[in-house]
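S.K.: What follows is the residue order along each chain.
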Amino acid sequence: MNTANPALATRAAPGRLARQWHTLRYVVGENPLSAISAGLFVGFVLLALFGPWLAPHDPLASHVGEPLSPPSMAHWFGTDALGRDILSRVIIATRLDLGIAVAAVALSFVIGGLMGAFAGYFGGWFDRVSTRVSDTIMAFPLFVLAMGIVAALGNTVANIVLATAIINLPFYLRVARAEVRVRREAGFVEAARLAGNGELRVLFYHLIPNVMPPMMVQISLNMGWAILNAAGLSFIGLGVRPPEAEWGIMVAEGAQYIVSGEWWIALFPGLVLMLAVFCFNLLGDSLRDLIDPRRRT
Amino acid sequence: MFQAIIKRLVGALPALFGVIVVTFILTRALPGDPAAYFAGPAGSQEAIEEVRAKLGLDRSLPEQFVLYLRDLARGDWGYSLTTGQPVLTELAERLPASLELTLVGLVLAVIIAIPLGVLAATRPGSWIDHLCRGITTAGVSLPTFFTGLLLAYVFYFLLGWAPSPLGRLDPYTTAPDFVTGFYLIDSLLAGDGETFVAAASQLALPAITLALFVLAPLARMTRASMLGVLSADFIRTARASGLHPFKVLFTYAFRNALLPVLTTLGMVFSFLLGSNVLVEKVFAWPGIGSFAIEALVASDYAPVQGFVLAMALLYVLLNLLIDVAYGLVDPRARLEA
Numbered sequence: 001m002n003t004a005n006p007a008l009a010t011r012a013a014p015g016r017l018a019r020q021w022h023t024l025r026y027v028v029g030e031n032p033l034s035a036i037s038a039g040l041f042v043g044f045v046l047l048a049l050f051g052p053w054l055a056p057h058d059p060l061a062s063h064v065g066e067p068l069s070p071p072s073m074a075h076w077f078g079t080d081a082l083g084r085d086i087l088s089r090v091i092i093a094t095r096l097d098l099g100i101a102v103a104a105v106a107l108s109f110v111i112g113g114l115m116g117a118f119a120g121y122f123g124g125w126f127d128r129v130s131t132r133v134s135d136t137i138m139a140f141p142l143f144v145l146a147m148g149i150v151a152a153l154g155n156t157v158a159n160i161v162l163a164t165a166i167i168n169l170p171f172y173l174r175v176a177r178a179e180v181r182v183r184r185e186a187g188f189v190e191a192a193r194l195a196g197n198g199e200l201r202v203l204f205y206h207l208i209p210n211v212m213p214p215m216m217v218q219i220s221l222n223m224g225w226a227i228l229n230a231a232g233l234s235f236i237g238l239g240v241r242p243p244e245a246e247w248g249i250m251v252a253e254g255a256q257y258i259v260s261g262e263w264w265i266a267l268f269p270g271l272v273l274m275l276a277v278f279c280f281n282l283l284g285d286s287l288r289d290l291i292d293p294r295r296r297t
Numbered sequence: 001m002f003q004a005i006i007k008r009l010v011g012a013l014p015a016l017f018g019v020i021v022v023t024f025i026l027t028r029a030l031p032g033d034p035a036a037y038f039a040g041p042a043g044s045q046e047a048i049e050e051v052r053a054k055l056g057l058d059r060s061l062p063e064q065f066v067l068y069l070r071d072l073a074r075g076d077w078g079y080s081l082t083t084g085q086p087v088l089t090e091l092a093e094r095l096p097a098s099l100e101l102t103l104v105g106l107v108l109a110v111i112i113a114i115p116l117g118v119l120a121a122t123r124p125g126s127w128i129d130h131l132c133r134g135i136t137t138a139g140v141s142l143p144t145f146f147t148g149l150l151l152a153y154v155f156y157f158l159l160g161w162a163p164s165p166l167g168r169l170d171p172y173t174t175a176p177d178f179v180t181g182f183y184l185i186d187s188l189l190a191g192d193g194e195t196f197v198a199a200a201s202q203l204a205l206p207a208i209t210l211a212l213f214v215l216a217p218l219a220r221m222t223r224a225s226m227l228g229v230l231s232a233d234f235i236r237t238a239r240a241s242g243l244h245p246f247k248v249l250f251t252y253a254f255r256n257a258l259l260p261v262l263t264t265l266g267m268v269f270s271f272l273l274g275s276n277v278l279v280e281k282v283f284a285w286p287g288i289g290s291f292a293i294e295a296l297v298a299s300d301y302a303p304v305q306g307f308v309l310a311m312a313l314l315y316v317l318l319n320l321l322i323d324v325a326y327g328l329v330d331p332r333a334r335l336e337a
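Taken in sequence, the protein lines are chains A and B. Position 48 of the first sequence, counting from 1, maps to 48 under the UniProt record's numbering, and the rest follow consecutively. Position 43 of the second sequence, counting from 1, maps to 43 under the UniProt record's numbering, and the rest follow consecutively.
The hints are simulated quantities; they were obtained by calculation from the structure and are not laboratory data. Glycine residues also receive a C-beta, built at the ideal position from the N, C-alpha and C atoms. Heads up, some of the hints might be wrong.
Which stretches of chain B does chain A cover? Using the computed rule of at least three CB atoms under 8 Å from a CB of chain A, they are [stated by the list, open to error]: (1) 77 to 86; (2) 229 to 240.
Short, incomplete list of chain B residues facing chain A, as computed with Cβ under 7 Å [as the list claims (entries may be wrong)]: (3) Gly18; (4) Pro143; (5) Phe145; (6) Phe246; (7) Phe250; (8) Ser270; (9) Val308; (10) Met311.
Sequences and hints are given; from them, build the entire structure.
M.R.: Written out as structure tokens, the structure reads:
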């Protein structure tokens, strides 16, 4: 996973890295889509980082071209009703879309992970309360709960992040709790305790590092879904406000033109959104195959 | 058996209570002061105080919660500011449209996903296995609102096969008499073939959109659990005893493989009810989802809260049904109870 050059890997640490390289090549070889999705992922990260320099036009400037003109050499993705360049808007939107998803997933990873680890390690009332909280969240259709949260807290991007984080919380909490629980009485934990480590130290230095791999898998499986959720929320008019460029809102703007045949306004942002989610899902599957082959379906 | 069902009913109570507590918290988390909001921008200080007392906002939170429970039980879910109607009436009027769409979408998905999963599991590594893998990975990546638009563009604008993607019936057809609220069933009951075809053709695209999205988890789970069961010892024994392959596959393997699929249905319903909202918006489907979106845009909060609560209650109910079905299918679950 950590190096792309087999010769270098073998020289640096013969054995372990070579073996990892071998596994990586096995996983990629069995499913060549993993390599494609890794390439796509790098592409999306670059777009998110350098979008403002890559976009050919100002994403907010209207009348860059003739309004509602189909894709052409001057405007690869065409222009929308205000004559804004769709390619530029799609590029600029990458940062916002990925940003929302990354922030939401990070939030639920940290909070859900810590809650789950404490619940799994200490048990008792905290375990009962946190399990109850996560069960209650799961008792809602998750997208509907996110709608309700944003409607109640106010229609802002920060609340979209918060809502997406809340609906993802149970997944992290459950994984962390289960993984910590099975290791709580393991030999190495007992040894750490006998060596005089305090409970918190055992939890943070000996258990949490060990539950990281399954948590990472959870993150990668979750990212695509988080992007989809955030885009869905802005599609129905929550969070991001026009004229800001965001994939979901751009599809919504293009929706009214699709019945009259102006397909490009909704198609390109929708396609890029789909590609991004697809890429994250594929990467998640590959990462899971690599780290935790038992969960493979 | 009866006892088992009662036990599951009782088991659903904590979820029900949790759902009501959360919706209560959401109603109290309205931006700003709800009393000032409901009194309107011209409301004087006295008017605001009056509204506050009327809404019970001057009492303690537990007291407010009890009042909230009482209102819910009496069917008072607040009023929609835009239509002036009670929220519960509005929701009840639109619920059949949403349910019809959701159920047809689910049935379509099940009809395609289960045979696909079974075929993929019986022929691992074949083209159908790869097809299944491709569909399941692509399926969960599809933004439903985008696939809906794409289908509408291709089948309405380009090919002209589907009617215009607006609502449950075209403007020239009148709705069938209300019996169940499901146009497909009502038109059949009325013996009106024309209306049935009209309703079915309006329903086709949104239902396919929903089905495409939930097909993926179903097919994936069917394939995985079929693969697991097919490699079990009892299947080998059945085969070795010379049973007909069909009997092995369907009587022995499939019935056992169905249990995990039934469990995933819970997650599938969560997806289904969520994406239902998006599909309703795309196809201007007059269900509770588009009602909630209209209210959201108009900053009309009572319908949104009513919608969230209704959806959550529906979801708890569906999960309960799945639990009961599980008990019916799996004798072990019955014994435990």
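S.K.: The hint names Val308/B as touching chain A; please verify it with the least Cβ-Cβ distance against 7 Å.
M.R.: With Cβ-Cβ at 4 Å, under 7 Å, it holds.
S.K.: Under 7 Å is the threshold here; is the Cβ of Ser270/B close enough to any Cβ of chain A for the hint to stand?
M.R.: 5 Å, holds
S.K.: Under 7 Å is the threshold here; is the Cβ of Pro143/B close enough to any Cβ of chain A for the hint to stand?
M.R.: Since the shortest Cβ distance to chain A is 6 Å, the answer is holds.
S.K.: Do the numbers back the hint for Phe145/B, that is, is its least Cβ distance to chain A under 7 Å?
M.R.: Cβ of Phe145/B sits 5 Å from chain A, so the hint holds.
S.K.: Taking the closest Cβ pair, is Gly18/B under 7 Å from chain A?
M.R.: 3 Å, holds
S.K.: Is the interface hint for Met311/B satisfied, with its Cβ closer than 7 Å to some Cβ of chain A?
M.R.: Interface hint status for Met311/B: holds (4 Å vs cutoff 7 Å).
S.K.: Against chain A, run the beta carbon of Phe246/B and see if the smallest gap drops under 7 Å.
M.R.: With a closest approach of 25 Å, the Phe246/B hint is violated.
S.K.: With a C-beta cutoff of 8 Å, work out whether three or more residues of the region 229 to 240 of chain B approach chain A closely enough for the coverage to hold.
M.R.: violated (count 0)
S.K.: Taking the closest Cβ pair, is Phe250/B under 7 Å from chain A?
M.R.: 22 Å, violated
S.K.: Holds or violated: the region 77 to 86 of chain B covered by chain A, criterion of 3 or more residues with Cβ-Cβ distance under 8 Å?
M.R.: violated (count 0)
Checked against the numbered hints given earlier, this structure breaks hints 1, 2, 6, 7; the rest are met.
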